[in-house]
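S.K.: So the sequence lines, in the order shown, correspond to chains D and U.
Take the first sequence: its letter number 285 is residue 285 in the UniProt record's numbering, and every next letter is one higher.
Take the second sequence: its letter number 463 is residue 463 in the UniProt record's numbering, and every next letter is one higher.
Note that identical chains are pooled: a pair holds if it fits in a single copy or bridges any two copies.
Derived SDA-like pairs: lysine to any residue, alpha-carbon spacing no greater than 25 angstroms straight-line:
hint	residue 1	residue 2
1	Lys-427	Asp-169
2	Lys-8	Thr-552
3	Lys-99	Lys-570
4	Lys-427	Asp-171
5	Lys-11	Lys-570
What the hints contain is simulated information worked out from the structure, not anything from laboratory work.
Protein chains: 2
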Amino acid sequence: MNAHVPPKDAKAAPTSVTTGPIAGSRKVYAAPRSHPDLLVPFREIRLTDPNEAPVRVYDPSGPYTEDAAAIDLAAGLPLVRESWIGARGLDVAPGRAVKPEDNGNVAADKLVAPCPAQRVIREAARGQMVTQYEFAKAGIVTEEMIYVAHRENLAREAALEGARERHADGDSFGASIPEFVTPEFVREEIARGRAIIPANVNHPELEPMAIGRNFLVKVNANIGNSAVTSGAAEEVEKLVWAIRWGADTVMDLSTGRNIHNIRSWIIRNSPVPIGTVPIYQALEKVDGDPLKLDWEVFKDTLIEQAEQGVDYFTIHAGVRLAHVPLTASRVTGIVSRGGSIMARWCLAGHRESFLYERFDEICDIMRKYDVSFSLGDGLRPGSIADANDAAQFAELETLGELTKIAWDKGCQVMIEGPGHVPMHKIKQNMDKQLAVCGAAPFYTLGPLTTDVAPGYDHITSGIGAAMIGWFGTAMLCYVTPKEHLGLPNRDDVKTGVITYRIAAHAADLAKGHPAAKVRDDALSRARFDFRWEDQFNLSLDPDTARAFHDETMPKEAHKVAHFCSMCGPKFCSMQITQELRAEARALEAQAGMREKSREFLEQGGALYVAAE
Amino acid sequence: MNAHVPPKDAKAAPTSVTTGPIAGSRKVYAAPRSHPDLLVPFREIRLTDPNEAPVRVYDPSGPYTEDAAAIDLAAGLPLVRESWIGARGLDVAPGRAVKPEDNGNVAADKLVAPCPAQRVIREAARGQMVTQYEFAKAGIVTEEMIYVAHRENLAREAALEGARERHADGDSFGASIPEFVTPEFVREEIARGRAIIPANVNHPELEPMAIGRNFLVKVNANIGNSAVTSGAAEEVEKLVWAIRWGADTVMDLSTGRNIHNIRSWIIRNSPVPIGTVPIYQALEKVDGDPLKLDWEVFKDTLIEQAEQGVDYFTIHAGVRLAHVPLTASRVTGIVSRGGSIMARWCLAGHRESFLYERFDEICDIMRKYDVSFSLGDGLRPGSIADANDAAQFAELETLGELTKIAWDKGCQVMIEGPGHVPMHKIKQNMDKQLAVCGAAPFYTLGPLTTDVAPGYDHITSGIGAAMIGWFGTAMLCYVTPKEHLGLPNRDDVKTGVITYRIAAHAADLAKGHPAAKVRDDALSRARFDFRWEDQFNLSLDPDTARAFHDETMPKEAHKVAHFCSMCGPKFCSMQITQELRAEARALEAQAGMREKSREFLEQGGALYVAAE
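So that you can see chain D by itself, here it is in the shape it has in the complex (with noise of 0.2 angstroms):
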């Protein structure tokens, strides 16, 4: 691993990011059979048992993890979808001037300056289909389609293939997960709603990925300043960091100077969807009054941020006039940014928010460029207390409303979900948004099952996302150790990214995904074969695992011992079970043990089962 060496000067333009492959892992890329000029990338962990198929596992990283990078942070990535995009006859739009208070008016001598890396700026026509929503119900599979389907089956033919590994099985709460993955479920999910791809058509760069119940479980990390703090060097290795260790996507909900330049690198430089909030930078272009804003200055800021490629926008569409006055008794109020500001602005007015009724004209912006819709919870629950109450199902009902008109204006469309939800809680908000919003994609922060651990919301959090996502969550939304506290460090990120990749691996154990137990059963046979190296390489954190073991027991030679210092050599279960294995072997040649068994069988041992 290359590290990010960090400038010393905030407004310096990036450099350098950490580059190379994960420790164990090399990328590898692979084209469907029918696409070969698809590169689709994986991730390798080779095993060393010959016997041993080496793991693909899903990977997010992009270029940065290929083994020897060369990574060019002006010129931006890759233009994997170029071509695809090229080829739909879109209109080259002119492009927006940017204007100073895009940058919050920041002084000359403090600006970031913009990314070098130019792109053609794309809109679709009035008419003109351009969404992957809009070309599935159309019956027609895109490239992104093609390359989704591929990504998601993991090489599990192969895998699933000469495994001794029993079958998965799972609970899916009435998920519909196949055995493979085709093009074409890909598009009957999309057109049903089911699924989207957040795929800007301003975002050449990205590798596309899917969001839906019925695909693998997905990670987003937040990334972004705050009012003090990090510059654009700063934040695009935070992007990249947090794809290394497995985000999906990431939301940059930075605010304060620099705005719209640091996003210009973050974009250029990103091969997973980027969101965003819109109306956190339409604030800083009111100077922060919520009463100040109007629809005039948010549609400015969708036009913005959709020409330079934001793949989500989260819209609080759902925070209407008459939901504030719910929030009345609660607890903790509203504690979503979004959510507060809008209920300002409409209380203050007493009028209902532009956001609710200009929808019709955000849907036909975001369609123009494919923008997905994230309808932002901006009344979710803040506390034990207030979870599944009637301030945030009535926003609820209303983002079910919107999603169908959202589903007629032909744009993509998945709904943002608590909070804070005590276990017994969360699987009535599962089940209430599959019937109130057509089985849109739900997207939750956590839910943190408990208020009383500030300082561990990664875990509180962390218990809630993965149940949620058992129970058909499409996508979590990760929390860090800092939650509530402050702003994430580099640990923080990976701890919390890592920590919510556990938890969509637990939920799609759980649902019977076809192809997650694979990692599963390879560690598990690494682990009782004493392959120390692959048990680390397995991980999803092979840097940690190996540096816990060797804490205790450093040596090389260790690598290859039958114990670690846990139990130390005498107790070690797996080496004892491995001499009884043995031991049974043995007797069983000397035709003792087979006998044996069946003796006891006859004497009514109906629970004995004759070893193999």
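The hints should help you fit chain U onto chain D, whose structure is shown.
M.R.: This is chain U only, laid out in the frame that chain D set:
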């Protein structure tokens, strides 16, 4: 907090441990009205808002967290139970002489001296009542039961009386948690076998606690030296450190030399029940060769440890010869140390387990001292692939059979459970355990919900622990980040305990425990009011919460700031909500708000509810 200074010499006698209150808290002792002599410990978290009552929380940390803790490790802790036990007329035993093999035949210059604190050794005569189970069955309410009832209530009358918060709800899956716990309720639960109070008559220092699904969910932490490392001082500090952060019981899994003398230091200084796995020491006595084990050495070890005051023994009597072949096709074989030792023993001589065959005699020994059974799950699955298999459930059936025998003999019993189980197979474990073990308390290790994250197994297992705790597990055995990799250090122990306190608390909330939500609500109110100090102090780990906050906002002034570095001042939703509420109040004062609400309602705004 007074930090522990570790001694340089591993055989040095322990002299200091970590003492002092947890930040923001003070230790209080309170007596039930009917028994002013029973001083039951609690931790009280003071809040800065004069309108907020202090929050009283359960506190297993013993006298170590008193304000001016006067700890003399050589003298041991105060004898909380001495007068109660003394009044029961038990025989005073001469005590078994310590043998060189008890300490692994360690050379004189490497011998750790035993704890000098001398205690009378007691045992029950044949037919004399001694166990909590026997008293309960006879309708007798012991001091231990009264103590436990008061401890479990957490002053909830007071906390719930003036409560602004709504009443607790939950889904308890058939648990019967009362509004208030009475001594009679405790007696009844024990008599039914649904709860235990692990309390050896030779552990008078114990602060009694209950394990049962109708009480607060408990957490166990494991300590113990490994083949290399750790003397008595280190182990006592591990104990004190684990209970400081919330471990309700501690298992001493030591192996190797000095095991007897180190245990004397641990028990004399432990306010929580101590559990052990006697087969570990028995194996040490026969030079680590499972085939040399026999009933005599095991029996001698039981008596040795029972006289020292161990409160519960893990006994792997369910690993029967007939079950061993059921593990033959497993991916990870047998992963319990005790299970693999017994399986080896059985298979080598093709003989039934002596633990199973001598179970009556084991009961007789354990009853004499009121050592509780923790019936070991020697065949628990060690991987997702092996979860809920025939071997595991065959053993569980045997444990059910043994439970009834132990009850007939007058013993208290709990049942150990897995292990590694994907989410969709967790509930079956709980349901089956309840069915076949007569509702004896379940005590599970995790379970881990995936195998792919060595280095993060506190999280993979914390997910499963929260769920199985919700479903009815009475005690959760912690897993640290080092699981499968090495021996946990101090930080790992703390991380493991806090993670499991989260799981246990999330389970209590979801079960609808009447007192659980008090702390969540207090913290959420502190959050909404920007009382940062109160948020830190109400956290399970005040030190970490504060440190995380201070990383980006170190100044004292920031402790009253109406924002944190996560969102910054302009984007703080809670601040905006407060402004919004102020605005709503102002509007209302102008008589506009209420009137307009009415208009809206008349216009069909069914979702609208007027602000209070």
